[in-house]
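Novice: Generate coordinates for the entire structure from the input sequences, incorporating the hints supplied.
Residue numbers (numbering that gives the first Met the number 0), protein chains in the order written: chain A, 0 to 347; chain B, 0 to 88.
You may find that some hints are simply not true.
[To be verified] Simulated pairs of lysine-lysine, DSSO-like, Cα-Cα distance not exceeding 30 angstroms:
| hint | chain 1 | residue 1 | chain 2 | residue 2 |
| --- | --- | --- | --- | --- |
| 1 | A | Lys242 | B | Lys4 |
| 2 | A | Lys172 | A | Lys238 |
| 3 | A | Lys172 | A | Lys242 |
| 4 | A | Lys172 | A | Lys237 |
| 5 | B | Lys4 | A | Lys172 |
| 6 | B | Lys4 | A | Lys238 |
| 7 | B | Lys4 | A | Lys18 |
[As the list claims (entries may be wrong)] Listed below are several chain B residues computed to face chain A (Cβ distance under 7 angstroms; list not exhaustive):
| hint | residue |
| --- | --- |
| 8 | Thr3 |
| 9 | Ala17 |
| 10 | Lys47 |
| 11 | Met50 |
| 12 | Val51 |
| 13 | Ser64 |
| 14 | Val68 |
| 15 | Phe73 |
Calculated from the structure, these hints are not laboratory results.
Each residue gets a CB set at the ideal place from its N, CA and C atoms; glycine is no exception.
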Amino acid sequence: MGAVILGISFLLIIYNLAKSLVSGDDAAANPWPYSTTAEWAVSSPPPMENFPGTPSYANGALEFLGSDEEPAMGTAAATDGGHATGHEEVHVDHASIWPFVIGLFSLVTVIGLSGLQLGSFPEGLEGLFYQATSVVGVVGLLGGISAMGYENFTAHEGGLGEAWPFEGVENTKMGMWVFLASDVVLFGAFIGAAIFLRVAYGWTQWNPVPHNPIPGLVNTYLLLTSSFSVILALVAAKKHSRKGVVASLVVTFMLGIGFLVNKGIEWLELYHEGIWLDDGVRESVYFLTTGLHMGHVIAGLLVTAYLIWRAWNGAYIDGNDEPLEYFGLYWHFVDIVWLFLFPLFYIV
Amino acid sequence: MARTKLYAGIYVALFVIATMQVAVEQTGLLEESYVLALGLITLLSVIKAVMVAGYFQHLVWEPRSLTYVMLLGFVGFLALTVAASYSIQ
Chain A
0 MGAVILGISF LLIIYNLAKS LVSGDDAAAN PWPYSTTAEW AVSSPPPMEN FPGTPSYANG
60 ALEFLGSDEE PAMGTAAATD GGHATGHEEV HVDHASIWPF VIGLFSLVTV IGLSGLQLGS
120 FPEGLEGLFY QATSVVGVVG LLGGISAMGY ENFTAHEGGL GEAWPFEGVE NTKMGMWVFL
180 ASDVVLFGAF IGAAIFLRVA YGWTQWNPVP HNPIPGLVNT YLLLTSSFSV ILALVAAKKH
240 SRKGVVASLV VTFMLGIGFL VNKGIEWLEL YHEGIWLDDG VRESVYFLTT GLHMGHVIAG
300 LLVTAYLIWR AWNGAYIDGN DEPLEYFGLY WHFVDIVWLF LFPLFYIV
Chain B
0 MARTKLYAGI YVALFVIATM QVAVEQTGLL EESYVLALGL ITLLSVIKAV MVAGYFQHLV
60 WEPRSLTYVM LLGFVGFLAL TVAASYSIQ
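Specialist: Next comes the structure, spelled out in structure tokens:
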């Protein structure tokens, strides 16, 4: 009964909306004669740049700085937070179809993947539909992301990285650190889940999935050494040694491959013993968390391969060694994560 | 670059500490006194992580604010894990 009344009340609202839409006068952009706030200064539908300048209430009423009164730069600069120089012809461009396309194909992908239950798609025509939808979704998603990447746009200069409290930290490096902080949260969620589940299970009744910590220790050695070789690559770049950079990166790459091979052997062995992802919560947590880490190692190796190719052609030794340093930040982070995964999943 | 020696020293220290962690397990301390061994292994991991972040990732030479950005993520992890685990204890 309550639902029916609620439903009828909604019909009333929809009627009202439809009626106002088709008949009656158009409302003015601002129905309030005494409104003083910025949202009423925008016409409907909003134009590309909402405001003709930077909104400010510094003198007690709404005004737009840097719009027509360019000569009044003295007051504008004082109230503008020090960005008075950024006003020349920067028209931030936000009209792009691609975010919408990406959203659309995300939905298509999710619909397709929703058919993936219990590790496989259903049989027959239904399965075909889900598989085809997944493929169309992923292809469209990749296409949309690529198209957005190729689109030209203008934007305000960032400079956030170099402002307080990050003086002297270059923008890209700042971005790298923010990304790493987000990755801390990602791994934190997985490790936190592992700890939580183990506490729920009974901490001391929960034995590590691998029987022997030694392969894990070997992998720790491999990652530590590869971290060190990335550092050496940076040192070699500062010494302008192309050979040194290439050699250090190749060593890093080989050590990463060694890590993956070692891990693969370990997983295969567990698989042959009949231990796999879906055996229980203990196994799931182990395979998923170390698998996520392995994915990070693989991504790092792809970047390493690219860096080797660039270094071979003489990059990074001319003082522009930032890519090496920023990749190092990522690679060391992957190393740090392993320093916690190793004891948690192999020793204690 | 005088730092190469420093990096090498840290690398050796990391290698040794990783070995010590397994030694704690192999010597049977984990069976004898689990909490002590767990605490020791965790402490060693934290020391290693701080060394890598501080020197390999150059955090000691960067503005301290970058360290805080990373700590923010870590504190989020700690808060969630401790709160969730505590709630079911």
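Novice: Evaluate each hint against the coordinates.
Specialist: Each hint, compared with the structure:
1. A:Lys242 / B:Lys4: 20 angstroms, holds
2. A:Lys172 / A:Lys238: With a Cα-Cα distance of about 22 angstroms, the restraint between Lys172 (chain A) and Lys238 (chain A) holds, given a limit of 30 angstroms.
3. A:Lys172 / A:Lys242: 25 angstroms, holds
4. A:Lys172 / A:Lys237: Cα-Cα ~18 angstroms, so holds.
5. B:Lys4 / A:Lys172: This hinted pair holds, its Cα atoms lying about 25 angstroms apart.
6. B:Lys4 / A:Lys238: 15 angstroms, holds
7. B:Lys4 / A:Lys18: Not OK: Lys4 (chain B) and Lys18 (chain A) at ~79 angstroms, beyond 30 angstroms, violated.
8. Thr3: 5 angstroms, holds
9. Ala17: 5 angstroms, holds
10. Lys47: 5 angstroms, holds
11. Met50: 10 angstroms, violated
12. Val51: 5 angstroms, holds
13. Ser64: Given a least distance of 4 angstroms, the restraint on Ser64 (chain B) holds.
14. Val68: It holds, given that the least Cβ distance between Val68 (chain B) and chain A is near 5 angstroms, below 7 angstroms.
15. Phe73: 6 angstroms, holds
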